[in-house]
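Enquirer: Protein chains in written order, with this note's numbering: chain C, 702 to 1078; chain Y, 702 to 1078.
Simulated from the structure, these hints should not be mistaken for lab results. Mixed in with the good hints, there may be bad ones.
Chain C is faced by these chain Y residues, among others (derived, beta-carbon under 10 angstroms) [as the list claims (entries may be wrong)]:
id, residue
1, 712
2, 716
3, 820
4, 822
5, 888
6, 889
7, 892
8, 935
9, 1005
10, 1010
Cβ-to-Cβ under 7 angstroms is the rule here; a few derived chain Y residues that face chain C [stated by the list, open to error]:
id, residue
11, 748
12, 749
13, 751
14, 752
15, 803
16, 804
17, 808
18, 810
Being a predicted model, the structure only gives us computed values, none of them experimental. From the three backbone atoms N, C-alpha and C, an ideal C-beta is built for every residue, glycine too.
Protein chains: 2
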Amino acid sequence: MHEKTAELIIDDSERESDLLWASGFLAGDQFTWLRDSKGSAIMLTDLELGRGEKESRVDEVISLSAVEKSAKEVKGGEPCSFEEIVLQLLRSRNIERVEVPSRFPLMIADFLRSGGIEVVARENPFFSDRRIKRADEIRCLEESQAATEEAMALAIRLISNSEPGQDGVLQLDGEPLTSELIKYSVRSFLLSKGLQIGEFIIAPGDQGCDPHDVGSGPIRAGETVICDIYPQHMTHRFWGDMTRTVVKGQATEDQKKIHAAVLEAQETAISLIKPGACGQEIHRRVQQVFEGAGFSTQQRDGTWEGFFHGTGHGLGLDIHEPPRISPVGPQLEEGMVVTVEPGLYYPGIGGCRIEDVVLVTANGCRNFNKAPKGLEV
Amino acid sequence: MHEKTAELIIDDSERESDLLWASGFLAGDQFTWLRDSKGSAIMLTDLELGRGEKESRVDEVISLSAVEKSAKEVKGGEPCSFEEIVLQLLRSRNIERVEVPSRFPLMIADFLRSGGIEVVARENPFFSDRRIKRADEIRCLEESQAATEEAMALAIRLISNSEPGQDGVLQLDGEPLTSELIKYSVRSFLLSKGLQIGEFIIAPGDQGCDPHDVGSGPIRAGETVICDIYPQHMTHRFWGDMTRTVVKGQATEDQKKIHAAVLEAQETAISLIKPGACGQEIHRRVQQVFEGAGFSTQQRDGTWEGFFHGTGHGLGLDIHEPPRISPVGPQLEEGMVVTVEPGLYYPGIGGCRIEDVVLVTANGCRNFNKAPKGLEV
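Isolated chain C (complex conformation) (with noise of 0.2 angstroms):
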């Protein structure tokens, strides 16, 4: 790096995963990351120096009221403001550019420009390292998608435990099961395993068409029901994300179909993945795996079905990350952590999707995932 720029990012590193990754320190507040000709540093309130000297993994720990004493002496005497204290901090360093990431806060860079520092927003990924998986970073993401594999068993167990009502209405201990009540199942043993999860999707039916409807309401006997578990890890940060769809009892012909052309689809494309291989191009396969077998994609009445959204994404301290599996996926490297889930939409017969986590190693990748892909439960 020049001896004069710098790479920065200001933020809070439990919204921001760059500044976690840079940092390796976890806050809910915002703090200021920067990389110099000199060393990584972090500059933090008093607050929360002992705490970033402990836990962050950077060069140096610099005091915020340190930075803001010679600010308010430049000042002569003056209060000081969070962008006056950076921009003293960067004087300090004879820093005159700085990298920032894509959405670093607009109010704080013109401040910064108005004071004389170049600062020019990078493409993301800002760091494209990020994309390749240490050793120790791997684990992590093992550990977060072996607990998400066990949740995922948990709610299938819920759903083939039942048995349907006179009205085909799912029942469990004589309750009617609900999407509902299989989250509230899987978000208490996630918790037990140490990791935490928002919305999440147990779409049945119908709901399971609109990939962004997480799902409401009873199960019925007969209908597909999507199951998209992706939690956090609370300490380490590391995303699990996985996808299987079941149908409780008789699955229709339709349903079987969809299933079977997406298991083909999901198969072929690990089957393409292997350092190399094009993210773009296996997303066309998979394509061609849905149009050989009769599926077609297209609008109808303003609504999408078949197969509308990408192939796979990274998977890391984001859900989704580079690279994608997708029109727009590059060539895949080595050490990259992906998801492959391709699915099929359509109203009337339901949702079906499949997705496992795979890691890219130097001759193919290894399935994080081991659970059975079967539709009737």
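Got chain C; can you put chain Y on it based on the hints?
Expert: Only chain Y this time, still in chain C's reference frame:
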């Protein structure tokens, strides 16, 4: 608003509560909200359109793909970036100037500016109306705080039901009582009430003297335990926030003295809260209570002791929002909801903080909390 000016937010509404507040639409993916002379609108991808129509509370839900189509036409059929689509949206509404939140993404701002749009970052808070809670928002806050109070009772019950072993470590059902065990119980309970909580504070002994130390390890009889619980409701997204400090068994004279001073300071602050009262002044009165009781605030070997944080903060869709009750605290107004949480911290004695949430009413304030504030349990 001037005809050619708009307010513009581009973010995801899980992380940006201004966007959630303005749109009523909760989404983990980035979307666009604007308000101009024609009214308020959100622009969504096809995947989100249906849910947006159902759940948002804006005048118009705009299809991103429709705007993308026009943007492509302008470019002679070339593919468009997201920024180009936003620019097309603004141009289609004859907007020449946008006011955006202080942390609006820099890269989008730079692109819009290069396209001739004036982009102005507005000082926080972006929506000053958010400080005054509507009746439905107050109900949500009461619901979150009631669940928090129940969770607190559970945490304190675990401590009070324990008995010290020979080494002074509390034992519950034959197991050592730890910060982690209490947190797990609290999280599980809150989940059953529809709230989630990330890291929070169960901090025994001197751990409690660092207000940002979340606490860990075994709890001992005779030491202060700061319990600070702040969960977020998973559906309506309003936060609870509450702190109690307890000692299992016999407290020392010093512990009793800091507890009595904190209680007096907290009750004094609450008694002062009413429309027109100034946050800065209330904070100063809290400091006076502590000084009057002989508890000074200073740095010793680089560590602060005494009272060195704000007295309170606004609570709503953000855990910390305006107004502050602190050296920068403004006048309070009817309908504001604030925490009141003075504390004292002396290594060797322990930490003590007591926190309630109150609503500023026409004549004073109403405390959402009813829980006892005693020290020994």
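Enquirer: Which of the numbered hints above does this structure break?
Expert: none
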